[in-house]
Amino acid sequence: MTPAIRIHDLHRHFGPLKAVDGISFEIPVGRVCGFIGSNGAGKTTTMRILATLDQPSAGTVEISGVDVVQEPWKVRHRLGWMPDHFNVYGHMSVLEFMDFHARALGFRGKERQQRLQEVMEFTDLLPIAGRPANKLSKGMTQRLCLGRALVHDPDVLVLDEPAAGLDPKARVELKHLIRLLAAEGKTVLISSHILSELGEMCDSLIFINNGKIIHDGDAASLLRHTDATGGIFLDVHLASNPEALATWCQMQPNVELVEASKQGGRLRLAADDPAQAAALLARMVRDGLPVMEFHREQRNLEDAFMAMVGRPEMRPPPLPTQPERMD
Amino acid sequence: MNNITPIIPAPVLPARAEPAALINDFSDRLSPILVKELRQGLRQPTFVIAFLCLQVLLCIVVLVAVISAPVGSPSALAVGSTVSGFFFVLLAIAILIVQPLRGLGALASEIKADTLDLLLLTRLNSWRITFGKWLALVSQSALLVVAVFPYLILRYYLGGMQLFAELLALVTLFIMSASLTGVTVGFSATASVVIRGLVALAILFALVVGPNLLTLAVMRGGMGGRGSLFALTLGSSAEVAAYAGEMLLLAFFGYYFLEMGATQIAPPSENRSTCKRLVGLATLGLMVWLLPNEAFGLYIGWLLVTSLLIIDALTERPEFSASVLRPFRRCGPLRNLAGALLLPGWASGIFFVLLLAGTGLVLSQTQVLLDLAHGAEMLGFGPLWLASLLLPAAVVSLFMRNAKNLFTAYIIVFIASLIVALVFYIIGESTDSVKGMIMLVPLCPALGVMAFGEFKNVAPVLPVGLTSCGIFWLILLLRSMPHWARIRALDRSLDPKPVAAVVADSPDAA
Chain A
122 MTPAIRIHDL HRHFGPLKAV DGISFEIPVG RVCGFIGSNG AGKTTTMRIL
172 ATLDQPSAGT VEISGVDVVQ EPWKVRHRLG WMPDHFNVYG HMSVLEFMDF
222 HARALGFRGK ERQQRLQEVM EFTDLLPIAG RPANKLSKGM TQRLCLGRAL
272 VHDPDVLVLD EPAAGLDPKA RVELKHLIRL LAAEGKTVLI SSHILSELGE
322 MCDSLIFINN GKIIHDGDAA SLLRHTDATG GIFLDVHLAS NPEALATWCQ
372 MQPNVELVEA SKQGGRLRLA ADDPAQAAAL LARMVRDGLP VMEFHREQRN
422 LEDAFMAMVG RPEMRPPPLP TQPERMD
Chain B
2 MNNITPIIPA PVLPARAEPA ALINDFSDRL SPILVKELRQ GLRQPTFVIA
52 FLCLQVLLCI VVLVAVISAP VGSPSALAVG STVSGFFFVL LAIAILIVQP
102 LRGLGALASE IKADTLDLLL LTRLNSWRIT FGKWLALVSQ SALLVVAVFP
152 YLILRYYLGG MQLFAELLAL VTLFIMSASL TGVTVGFSAT ASVVIRGLVA
202 LAILFALVVG PNLLTLAVMR GGMGGRGSLF ALTLGSSAEV AAYAGEMLLL
252 AFFGYYFLEM GATQIAPPSE NRSTCKRLVG LATLGLMVWL LPNEAFGLYI
302 GWLLVTSLLI IDALTERPEF SASVLRPFRR CGPLRNLAGA LLLPGWASGI
352 FFVLLLAGTG LVLSQTQVLL DLAHGAEMLG FGPLWLASLL LPAAVVSLFM
402 RNAKNLFTAY IIVFIASLIV ALVFYIIGES TDSVKGMIML VPLCPALGVM
452 AFGEFKNVAP VLPVGLTSCG IFWLILLLRS MPHWARIRAL DRSLDPKPVA
502 AVVADSPDAA
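Just so you know, the sequences run in chain order A and B.
Going by the numbering used here, the letters in the first sequence line up with residues 122 to 448, in that order.
Going by the numbering used here, the letters in the second sequence line up with residues 2 to 511, in that order.
If you're looking for bench data, these hints aren't it; they were derived computationally from the structure.
Predicted model only: the values in this text are computed from it and were never measured.
Warning: the hint list may mix true and false statements.
In silico SDA-like links for lysine to any residue, alpha-carbon gap of 20 Å or less [what the hints assert, rightly or not]:
(1) A:K296 - A:V150
(2) A:K195 - B:R129
(3) A:K231 - B:R30
(4) A:K195 - B:A323
(5) A:K139 - B:N403
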């Protein structure tokens with residue numbers, strides 16, 4: 122069966138900058154796929170090429186078997202695009218905005234009215250149909266943007282950071298909408314920074330870093346892979362002097378302070394070995410650290426992602442220097 | 002979508018309040034972008050204020066006229082003539098200044114708001130977007146013109162009205178307004194505020210000092226002068242042809258600038274160049290057909306049209322996608338020739354310039370131009386003018402090839418070359434050595450254009466002009482080679498794959 126999205130050896134260069142550097146993946150029909158990467162990793166560039174808004178420097182990109190370069194018109198009929206930055210016309214109400222896009226997508230008369238009714242009902246835009254489109258909350262604006270992308274009933278949806286800036290309620294609603302769309306057989310490629318939600322929502326995850334794919338599979342396989350290579354994460358709370366933890370960690374082999382907190386911090390032990398964790402606790406107590414809490418954390422997608430792309434080096438906070446005594 | 006449960010149950014709405022049903026179906030017959038722009042434009046304060054001011058001022062003028070010279074009184078004729086003048090001045094301000102200047106924000110607002118991408122993903126292509134925006138502005142201008150009719154009827158009863166001439170003047174004003182609006186809407190796709198500001202200034206300048214502008218002619222006629230209105234009576238076939246030629250030029254410029262704007266916003270998969278170049282050639286043909294006896298008019302028209310075509314052809318972005326090449330592959334044996342002349346981008350533009358130069362050469366050899374008073378001298382002028390247009394393109398291709406907007410870069414270099422030429426010309430004039438500066442012409446062809454009156458008796462002026470053209474054209478040809486290599490690679494990518502390669506590429510094979 123032809124995959125909904127097929128990318129083969131895609132390159133996109135902007136002068137000397139390789140925004141996308143030879144990525145390849147396929148997404149079967151009806152799957153929800155998360156596209157994850159840090160800022161500048163190449164997510165939006167790839168998604169813009171999928172949406173026919175940019176041209177690849179090399180490689181092939183197909184939507185339902187149609188090449189985005191050779192037949193962009195056909196692709197646009199099959200694809201719904203939700204950009205990361207979405208602007209609306211200030212003079213239009215929500216209904217007028219949807220109506221304009223329905224007209225521009227070729228809907229006429231009764232067919233347009235029916236389609237608008239369905240989409241606005243699905244995205245819950247009916248209660249705000251008369252509101253000015255530029256006076257909506259972020260969550261409502263995202264629903265409007267999703268509604269616009271659904272007007273022509275596309276087979277494939279490309280959603281670039283749809284959950285960015287949404288409150289928890291709006292995120293839950295968006296997640297629900299996406300699951301409903303997947304249940305309807307639509308293929309969804311979605312990028313987001315909220316990795317835990319992507320893990321629940323997506324059938325597969327693609328991690329991209331510096332224009333290259335570093336993982337393509339489901340969340341479980343990702344966690345298994347990084348657990349095997351990524352060590353143990355430990356949450357440590359001290360009764361007093363939490364800065365001492367950072368200094369202590371610097372002197373320990375195979376231990377890294379991942380994140381400092383008010384009470385202590387998160388440590389990463391290089392080996393996935395409970396005996397070594399116990400030995401570490403013993404050393405802490407022996408060295409006089411006032412340990413109040415010490416427990417192993419479950420790995421999450423964010424840790425897995427950071428393990429893959431490499432953490433920024435954590436440095437201990439500078440110790441206060443003793444003022445020179447003025448004799 | 003029918004089978005999906007909505008996230009929140011849809012509110013129960015009264016039958017009449019079903020929002021989508023409230024939308025009027027009449028507008029389905031119009032372009033979506035026109036509907037959107039009209040909804041927006043008719044609410045804008047600029048239009049509302051212009052409309053109300055025009056109505057109030059015309060109302061005052063008519064009232065004052067009727068009170069000061071009642072219908073049938075001896076002074077009514079003179080007053081009627083003055084009223085006509087006021088009509089056209091006020092209308093000209095509204096539709097030749099206010100409305101076209103509004104066009105400068107048409108595409109710029111979409112670019113600034115970052116809404117073009119979503120538009121281009123619909124069935125609207127760049128031309129439909131640009132044309133729709135222009136049509137909305139022209140429709141509003143038409144509304145302003147139509148709203149003047151009741152006052153024209155009142156003015157008719159004052160007497161002394163030249164009905165046909167004044168109606169023709171009204172139509173001419175409207176066509177000029179539409180053309181100017183096309184120019185400004187086209188320029189509104191240019192990101193450079195400086196360029197758009199210059200366009201605004203150029204329009205104001207042209208309207209104030211342009212000696213051939215009919216508005217001013219009509220104003221003078223209306224204010225008590227004679228002759229200007231009579232110029233619009235189209236009494237002879239020559240006048241009709243000249244008028245048709247002028248309107249053709251206005252229509253062409255309006256259309257072409259709109260196409261230039263559409264080209265700026267078009268995605269790489271859309272080809273606007275082929276159509277506009279063909280329309281340019283057709284316009285040249287129509288001009289020859291319309292103006293067989295108007296040698297000077299034909300010559301000026303040819304210069305204006307080809308100058309615009311050349312500047313545009315030499316400043317088009319060279320990037321386009323493989324889908325653009327598909328129609329050219331259907332041209333059979335003419336495929337390479339058609340591609341070399343009509344593909345988007347300045348690489349093909351340099352060959353299109355050759356074709357335009359060829360039309361000039363053919364035209365110069367026809368009886369029409371040879372009959373011109375200074376026909377032979379004019380033949381020497383052509384190469385100098387062409388060289389002055391090629392120079393900025395050569396400079397841009399050598400030193401500014403990564404410029405974001407080639408048109409803006411070209412205009413900057415062109416203006417700089419004009420300034421340099423002007424400085425040399427002034428120095429030459431003050432030292433009485435303009436003729437001696439002919440050796441500078443290959444480096445600064447604009448100097449040759451400015452000092453053509455001095456050079457025309459200098460024998461080498463034609464070879465110097467041709468040599469300049471040749472050098473700049475060869476520079477452009479050499480710089481275009483990488484683009485042609487890329488175009489050939491794109492063309493090869495469209496070749497059908499051998500069966501073995503297709504099988505190897507398929508997922509099943511893996």
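Each hint, compared with the structure:
This hinted pair checks out: A:K296 and A:V150 have alpha carbons roughly 19 Å apart, not beyond 20 Å. For the hint linking A:K195 to B:R129, the alpha-carbon distance of about 18 Å falls within 20 Å, and the restraint holds. This hinted pair checks out: A:K231 and B:R30 have alpha carbons roughly 13 Å apart, not beyond 20 Å. At most 20 Å may separate the alpha-carbon atoms for a hinted pair to count; A:K195 and B:A323 meet this at roughly 15 Å.
Under the criterion of a C-alpha separation no larger than 20 Å, the hint pairing A:K139 with B:N403 is consistent with the structure, at around 17 Å.
In the structure shown, no violation is registered for any of the earlier numbered hints.
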